[in-house]
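K.L.:
Each chain is listed here by its residues.
2 protein chains.
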Amino acid sequence: MKTRLTVDEYATGILAGDRVVLGKAISLIESSLLSDQQQASELIEKIIDKTGQSIRIGITGVPGVGKSTFIETLGKNITDSGKKIAVLTIDPSSQLTQGSILGDKTRMDDLSKSPLAFIRPTAAGTILGGVSNKTREAILLCEAAGYEVIIVETVGVGQSEVAVKSMVDFFLLLMLAGAGDELQGIKKGIMEMADAVVITKADGDNVKHATEAQAEYQHALHLISSSASGWKPKVLSCSSITKKGIAEIWEMIMKYKEHVTSSGFFAENRAHQNIAWFQEYFHYLLKSDLLRFDSFQKEKTDLEKKVTDKKMSIQRAGNQLLAFYHNTIKNF
Amino acid sequence: MKTRLTVDEYATGILAGDRVVLGKAISLIESSLLSDQQQASELIEKIIDKTGQSIRIGITGVPGVGKSTFIETLGKNITDSGKKIAVLTIDPSSQLTQGSILGDKTRMDDLSKSPLAFIRPTAAGTILGGVSNKTREAILLCEAAGYEVIIVETVGVGQSEVAVKSMVDFFLLLMLAGAGDELQGIKKGIMEMADAVVITKADGDNVKHATEAQAEYQHALHLISSSASGWKPKVLSCSSITKKGIAEIWEMIMKYKEHVTSSGFFAENRAHQNIAWFQEYFHYLLKSDLLRFDSFQKEKTDLEKKVTDKKMSIQRAGNQLLAFYHNTIKNF
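Protein sequences, first through last, are from chains A and B. Oh and the first sequence: position 235 is 235 in our numbering, straight run, nothing missing. In short: position in the second sequence from 1, add 1000, done, that's our numbering.
Some hints here could point you the wrong way.
[Said to hold, decoys possible] Under the rule of at most 25 Å between Cα atoms (straight-line distance), these lysine to any residue pairs were calculated in the SDA-like manner:
hint: 1; chain 1: B; residue 1: K1311; chain 2: A; residue 2: Q279
hint: 2; chain 1: A; residue 1: K76; chain 2: A; residue 2: T51
hint: 3; chain 1: A; residue 1: K287; chain 2: B; residue 2: A1271
hint: 4; chain 1: B; residue 1: K1084; chain 2: B; residue 2: T1242
hint: 5; chain 1: B; residue 1: K1305; chain 2: A; residue 2: D294
hint: 6; chain 1: A; residue 1: K165; chain 2: A; residue 2: M252
hint: 7; chain 1: B; residue 1: K1234; chain 2: B; residue 2: T1069
hint: 8; chain 1: A; residue 1: K310; chain 2: B; residue 2: K1310
hint: 9; chain 1: B; residue 1: K1287; chain 2: B; residue 2: V1162
hint: 10; chain 1: B; residue 1: K1306; chain 2: A; residue 2: M252
hint: 11; chain 1: B; residue 1: K1310; chain 2: A; residue 2: S31
hint: 12; chain 1: A; residue 1: K311; chain 2: B; residue 2: Q1038
hint: 13; chain 1: A; residue 1: K244; chain 2: A; residue 2: K310
hint: 14; chain 1: B; residue 1: K1255; chain 2: B; residue 2: S1288
hint: 15; chain 1: A; residue 1: K165; chain 2: A; residue 2: L221
hint: 16; chain 1: B; residue 1: K1255; chain 2: B; residue 2: E1280
hint: 17; chain 1: B; residue 1: K1311; chain 2: A; residue 2: S41
hint: 18; chain 1: B; residue 1: K1244; chain 2: B; residue 2: I1275
hint: 19; chain 1: B; residue 1: K1311; chain 2: A; residue 2: I190
hint: 20; chain 1: B; residue 1: K1330; chain 2: A; residue 2: Q273
hint: 21; chain 1: B; residue 1: K1287; chain 2: A; residue 2: D294
hint: 22; chain 1: A; residue 1: K165; chain 2: A; residue 2: I190
hint: 23; chain 1: B; residue 1: K1208; chain 2: B; residue 2: L1223
hint: 24; chain 1: B; residue 1: K1310; chain 2: A; residue 2: L285
hint: 25; chain 1: B; residue 1: K1310; chain 2: A; residue 2: M252
hint: 26; chain 1: A; residue 1: K165; chain 2: B; residue 2: T1301
hint: 27; chain 1: A; residue 1: K330; chain 2: B; residue 2: K1311
hint: 28; chain 1: B; residue 1: K1310; chain 2: A; residue 2: D110
Derived from the structure by calculation, the hints contain no laboratory data.
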């Protein structure tokens, strides 16, 4: 297969469920080349009406909580029932340190062997709105390729959770049963976003700790008022070794979907997410738009100097720059 | 005195150090009336070259840590040395609950009696960029009125700390010596911003706890890499009852100022803050600019519907809206 496909070839391959084409299409989306971006945009446009038919699940937790193993175990449970699952992992570290928390090692070996599974790590990207935009587009491509369950995995270090929450239907927080530090390690704000907390590694000597932690978290979540969905966040525990609790977690997610579908919240939430994405993207475009013009850049630098030298107030400088932008557009 | 002053009257009063005029000028800045905003902008422009000659100190801490008492005690220490101090308190709750964490009770009674002190609570405001913009302008007015120390106080609940950090030279975090929960209650991100942590209420039976907490925080801060200023964050303790530690805190802040002034960081940081403020304000203006046009609002709503109905991709809708904005400007 040649490396470069036409937009039609991408679309046909994706709609036929071709995993190789899907992978290439996600690379296309991630590319910062202008010609690739143009193609990516056309591709999304072509498949947009085939998207949306999945449940999108965000999964987060601190490094060491066992996210990969959990997703692999849950994923096999899903593929065993004949459903197709896509796993998109966001690695925020690639942006910050040029290194990677997730590392190069092949992950989710077992799950990746299933013809029903598609696993894809994505870099967080360096541009503003990078994480959200590219991952959201990857979700759409996976949906067009027929994946019924989309998992968006992120490392729970507070970088990208809000973005992930804004693109999923269900947000799952994985936690370890620790000794005395049950409520630490994860920011309170992240816990407030969770539709469910799952205590991992509830096996062997750890079962007792896990049960205790479960009660504690249930209490803590109880104190947080219920979300807009009317769903009361649940706390479960599971073991990726003994598989105990895994089926229950999937049942809970299905129950949630039923609950919010019948209440209308599911569709409503998706609509809100789309509108928010649209607005975010527009403001990103607007900011980028300014950078096209050298004269605007020069005016901006001049005004910055005046502001720094206390020759001009922020207000006057801001209004002057806006007027300059207007004139630039008018004369373009 | 009549309620409405001319811009010249405001400016003359402020430059003469008239506290009543200063108070009215801050009200003018906080007003959302268009005519007031116009006046406020002219006023800032008039006094801008008389600003900048203070040390700006941000103080935060959870409710109950004793912020008011601490600021009063520190403030009296400062006025006793003949220096003028202005205290601007930001109350984030006024925005969220229409109520107020700080309450109506008169605060800092003693300090407010000093002719060298100016104390002013400010509502956080409801518009975007509200907190930062109005508080930054209030700082400028206080500086023009000759206040040599400006304290910006905020409730440490994670709402406005980042904004406050962006407008001060020194950021001070107040903490209680708790029982076992020394590192909780305050977000880690806030601690990372601190140039100093001060353990309050180090008196009576609490001295031992405070000393222990001091060591713990010093260790915790040690783990956080030093800031851009090259200053190593300090941990001190104090009592607003016995006054123990208060003079040392002021000495530390003066030492910091000396350190960053000679290194050039003080001026550099102020310049960065001004440029960031300018950019933030410009993007706020740009966003507001769109709302002027009914036709733009209509186009936006139409595109939102198309996006929600999966009739159009976010990319295409975003680009279409940008083109519409350009045309609106051209035809205006």
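K.L.:
With reference to the structure, classify each hint as holding or not holding.
P.N.:
Hints versus structure:
1. B:K1311 <-> A:Q279: The hint holds at about 17 Å.
2. A:K76 <-> A:T51: Distance of about 23 Å is within 25 Å: holds.
3. A:K287 <-> B:A1271: This hinted pair holds, its Cα atoms lying about 22 Å apart.
4. B:K1084 <-> B:T1242: 23 Å, holds
5. B:K1305 <-> A:D294: 35 Å, violated
6. A:K165 <-> A:M252: 18 Å, holds
7. B:K1234 <-> B:T1069: 21 Å, holds
8. A:K310 <-> B:K1310: Outside the cut-off at roughly 50 Å; violated.
9. B:K1287 <-> B:V1162: At roughly 21 Å apart (the allowed maximum being 25 Å), V1162 of chain B and K1287 of chain B satisfy the hint.
10. B:K1306 <-> A:M252: 33 Å, violated
11. B:K1310 <-> A:S31: 24 Å, holds
12. A:K311 <-> B:Q1038: Answer holds: K311 of chain A to Q1038 of chain B is near 18 Å, not above 25 Å.
13. A:K244 <-> A:K310: The hint is violated at about 66 Å.
14. B:K1255 <-> B:S1288: 43 Å, violated
15. A:K165 <-> A:L221: Status holds; Cα separation ~17 Å.
16. B:K1255 <-> B:E1280: Answer violated: K1255 of chain B to E1280 of chain B is near 31 Å, above 25 Å.
17. B:K1311 <-> A:S41: Roughly 14 Å separates the two Cα atoms, so the pair holds.
18. B:K1244 <-> B:I1275: 39 Å, violated
19. B:K1311 <-> A:I190: 33 Å, violated
20. B:K1330 <-> A:Q273: With Cα atoms ~31 Å apart, K1330 of chain B and Q273 of chain A exceed 25 Å; violated.
21. B:K1287 <-> A:D294: 22 Å, holds
22. A:K165 <-> A:I190: Holds, because 9 Å separates the two Cα atoms, which is no more than 25 Å.
23. B:K1208 <-> B:L1223: 23 Å, holds
24. B:K1310 <-> A:L285: Roughly 20 Å between the alpha carbons, so the hint for K1310 of chain B and L285 of chain A holds.
25. B:K1310 <-> A:M252: Distance of about 28 Å is beyond 25 Å: violated.
26. A:K165 <-> B:T1301: Since the Cα atoms of K165 of chain A and T1301 of chain B sit roughly 24 Å apart, the hinted pair holds (cutoff 25 Å).
27. A:K330 <-> B:K1311: 31 Å, violated
28. B:K1310 <-> A:D110: Not OK: K1310 of chain B and D110 of chain A at ~35 Å, beyond 25 Å, violated.
Of the hints listed earlier, those the structure fails to meet are numbers 5, 8, 10, 13, 14, 16, 18, 19, 20, 25, 27, 28, in rising order.
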